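In case you want the letters, here they are:
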Amino acid sequence: MIEQTIMKGTSPGLAVKLAAAKIDKVLESANETGAVTGMPQMLTAVFAIFAAVLFLFIVIRGNLKPFLYLGPWFLIFLAFGLYPLVYSVIISFSKYDILTSRLTFIGLKNYMAALGDKNFHRALWHTLIFCIGTVPFTACISLFCAILINRKIPFKRFYEAGLFLPVTTSVVVIATIFTYLYSPKGLANRALDYFGIMHPQSSWLNSPRAWLDISLPLLSIMVMNIWASFGYYTVLFLAGLQTIPDNLYEAASLDSATEWQKFRFITFPHLKPIFLLVIVMNTIYALQVFPEIFTMTMGGPLGLTTTAVYYIYELGFHSFDMGMASSAAYILFTIIMVFSLLQMRLISSDEEWKE
Amino acid sequence: MKRAPFANSFVALLLFVIVICTLTPLFLMFQTSLKSAGTLTGSVKKITLIADQSITDKYPLRLNLDVRKFKNISILFGNYSKEDYLEITFSDAQGRSCSVYKRAGPRLTIPISDFDIKALNPGLPERLAETITISLKNNNNPVFIKELSLTIKRLTLANYWDIIITGYFGRYFFNSLLIAVAVTLGNIFFCTIVGYAFARKRFAFKNFLFLLIMAGIMIPPQVLIVPIFIMMKNIGWLNTYWALIVPSLVQPFGIFLMRQYISRLPASLEDQARVDGATDRQIIFKIIFPLSRPALAIIGINTFMGSWNTFLFPFILTDTARMRTLPVGLALFKNLQGADWVHLMAASSMTALPIIIIFLGFQKHIIAGLTTGLVKR
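Chains as they are written, first to last, in the working numbering: chain A, 1 to 355; chain B, 1001 to 1377.
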């Protein structure tokens, strides 16, 4: 390029263009050789063969009927669970052209690109902050509320319903309401005005000031998330609390134990499995946070609220880089998988599933 | 166990405060959705339009307002004589008009209902927020007005009509309902069959297949959005009901619950029926179905709720207004609409209200579904 500029006297801009064209050509030819067209067809064929072999096996074994019952589930699982899962592995290793639906195998490049992308690091960091900032608080608040409701007070059902109502409401609705509360003349600002506390003049979801990439919009969404989900875990804790036999408390009362001691030595040890389960479930949920972000900020101000899933969405459906989106999704998947396996361990250790 | 009554009433008070905190945003949503105009904490009661100006039929006042949202119009006159009669006319952009005759006084307050609003826009409840002109006609003298103001209705359903008629929300509601009902029925039907097979039948790979269902729960939907989008694009299911119904027709949660429930039912009834020569199909529909009604109620309600509230896949798989569901429609409406809070809250209420009603009716079932299932949301 430089040679060209010096030797042939072409302008630098033109030289760059020529060089770029050359590189493109080389890359294209490389792609041609490495192109795996018809990958989805191959995958479909593999799946069809798998199904056929299974079917033959069943026919040979002669016990057809139970499989007939499983049929609907199995077909749907195969088509919309397993197949996309395998397909997305393939996409994550290739370049997908959205217009021609052509897959080109490019090896680990997508993963390298995703792991090297500063925005992905930021998204993961935001997700981590989201988890750290919501999970412990949600768990503690819901445990607290469950213990309160579990006491012998009237209108238990009312309190339970009141706490649970936000959980039944769609996340999008909650996000819309909270955008309203956080708006310049919303409830949040009016409340702060009332107490004479400083507050942002614009919407809380717009302020771009950040410390370590942690910003007010992200914190606002976290607060909303805690508000929206703690009722769910309260109900779980309540179910756990009701399994603790009353006579334990009675014995403790006889020994004149304080409330704190009762909690520390009776309630908490009994609730430990559920507490762990709640933390794991909530972490999985927080790792997947998306509708809130889309509705409230769209990754908003300067990418300060872009979480991992929103990053994947943007990559796949705004930049149409399906390959890189899939690889990023797989990186997130491995993180979620750790927690999912933990959750399964916890659930199966529950007596509910022992049969 | 005895506890001090003081402690309990303190607990009740504390809980009451917490419940108020959780319910306030939802309450504000409903309240705002019924307001004609205003902000979160205060509604505007009156809009003063002009001061010290004369309007006649030659020089009318052009306004951009939605007449349905106003209670009455009040006029403070500068000059009038007792014998004067005034004709106050509303007319819209199409030239349709309605008017009221009044004897002049120092202050005239005319309820909007005195006007024949329907004459303005025959196709009510279409939106009336077009340009409306107010003109006054006196029989001899020119009229001088000190003040003209409109009092706003405190509560109105007009916002709902607006989003249903002009904002596509009627269609969204229909889509959501159709999808939720189809998915619920599918789950009730298929989960019973699959659960029955797992509970009562012996077959090869039974444990492996059950583990596969577990695995199905563990796949986070985010991994699947890209491949499912591509798949649906290839088979031409984008923007169809199929794409939104078929993948969630049998959900692992229901299979778990049904397997558990059916395996706890006494087998003697089935055995008897089998001795009498009943087929499997008859056993499922005549015995298992009626007996497992409680479990089916839990599945039905929870599936309906989940399907109604789900966002990610309808969002990815639809891009036309005709196929959107309520949450998707609401999210896009919100991002488009900016700060039109009354309409946004009306749309939110429309999305939330059916589920809230269902929840209040079936609280026990919904909570039972969560705690016996212990399956993630």
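Bear in mind the hints are in silico, worked out from the structure with no lab data behind them.
Among the hints, a few may not be true.
Listed next, the in silico DSS-like pairs over lysine-lysine satisfying Cα-Cα at most 30 Å (straight line) [as the list claims (entries may be wrong)]: (1) Lys152/A / Lys1364/B; (2) Lys1102/B / Lys1153/B; (3) Lys262/A / Lys156/A; (4) Lys1153/B / Lys185/A; (5) Lys1153/B / Lys1137/B; (6) Lys1233/B / Lys1201/B; (7) Lys156/A / Lys272/A; (8) Lys65/A / Lys1206/B; (9) Lys272/A / Lys1071/B; (10) Lys262/A / Lys152/A; (11) Lys1286/B / Lys65/A; (12) Lys95/A / Lys109/A; (13) Lys156/A / Lys1364/B; (14) Lys65/A / Lys1201/B; (15) Lys1233/B / Lys1286/B; (16) Lys1153/B / Lys1201/B; (17) Lys152/A / Lys272/A; (18) Lys1071/B / Lys1153/B; (19) Lys185/A / Lys1069/B; (20) Lys1233/B / Lys95/A; (21) Lys185/A / Lys1364/B; (22) Lys1146/B / Lys1071/B; (23) Lys109/A / Lys1233/B; (24) Lys1286/B / Lys1201/B; (25) Lys1102/B / Lys1071/B; (26) Lys1102/B / Lys1069/B.
Computed from a predicted model, the values in this text were never measured in an experiment.
Results for each hint:
1. As the CA atoms of Lys152/A and Lys1364/B are separated by approximately 19 Å, the hinted pair is consistent with the 30 Å bound.
2. Of the pairs offered as hints, the one joining Lys1102/B and Lys1153/B holds, with about 22 Å between alpha carbons and a cut-off of 30 Å not exceeded.
3. A threshold of 30 Å between alpha carbons decides the hint, and for Lys262/A with Lys156/A the separation of about 21 Å falls inside it, so the pair holds.
4. Annotation: proposed proximity of Lys1153/B to Lys185/A holds, straight-line Cα distance about 22 Å (limit 30 Å).
5. Between Lys1153/B and Lys1137/B, the direct Cα distance comes to roughly 26 Å. Compliance with the 30 Å bound is thereby established for this hinted pair.
6. For the given pair, Lys1233/B sits about 38 Å from Lys1201/B by alpha-carbon distance, which is inconsistent with the 30 Å threshold.
7. Annotation: proposed proximity of Lys156/A to Lys272/A holds, straight-line Cα distance about 24 Å (limit 30 Å).
8. Of the supplied pair hints, the one linking Lys65/A and Lys1206/B holds, its CA atoms being roughly 13 Å apart against a limit of 30 Å.
9. Among the hinted pairs, Lys272/A with Lys1071/B is inconsistent with the structure: their alpha-carbon atoms are about 59 Å apart, more than 30 Å.
10. The straight-line distance between the Cα atoms of Lys262/A and Lys152/A is roughly 16 Å, inside the 30 Å bound, and the hint therefore holds.
11. A C-alpha spacing of about 19 Å is found between Lys1286/B and Lys65/A, which places the hinted pair at or below 30 Å, so the restraint holds.
12. For the hint linking Lys95/A to Lys109/A, the alpha-carbon distance of about 9 Å falls within 30 Å, and the restraint holds.
13. Straight-line distance between C-alpha atoms of Lys156/A and Lys1364/B comes to about 12 Å, which keeps the hinted pair within the 30 Å bound.
14. With a C-alpha separation of about 9 Å, the suggested pair Lys65/A and Lys1201/B falls inside the 30 Å cut-off, and the hint holds.
15. Our distance criterion of 30 Å between C-alpha atoms is broken by Lys1233/B and Lys1286/B, whose separation comes to about 41 Å.
16. A distance of roughly 64 Å separates the Cα atoms of Lys1153/B and Lys1201/B; the hinted pair therefore is violated under the 30 Å criterion.
17. About 23 Å separates the Cα atoms of Lys152/A and Lys272/A, which keeps this hinted pair within 30 Å; it holds.
18. Pair hint Lys1071/B plus Lys1153/B holds up; C-alpha atoms about 5 Å apart against a cutoff of 30 Å.
19. This hinted pair checks out: Lys185/A and Lys1069/B have alpha carbons roughly 22 Å apart, not beyond 30 Å.
20. The hinted pair formed by Lys1233/B and Lys95/A meets the criterion: a straight-line CA distance of about 17 Å does not exceed 30 Å.
21. Between the alpha carbons of Lys185/A and Lys1364/B the distance comes to roughly 38 Å, so the proposed pair goes past 30 Å and is violated.
22. With a CA separation close to 20 Å, the supplied pair Lys1146/B and Lys1071/B stays within the 30 Å bound.
23. Of the supplied pair hints, the one linking Lys109/A and Lys1233/B holds, its CA atoms being roughly 25 Å apart against a limit of 30 Å.
24. Distance restraint check for Lys1286/B and Lys1201/B: the Cα-Cα separation of roughly 18 Å lies within the 30 Å cut-off, and the hinted pair is therefore satisfied.
25. Restraint check for Lys1102/B and Lys1071/B: the C-alpha separation of about 17 Å stays at or below 30 Å, so the hint holds.
26. Between Lys1102/B and Lys1069/B the alpha-carbon distance is near 22 Å, which keeps this suggested pair within the 30 Å criterion.
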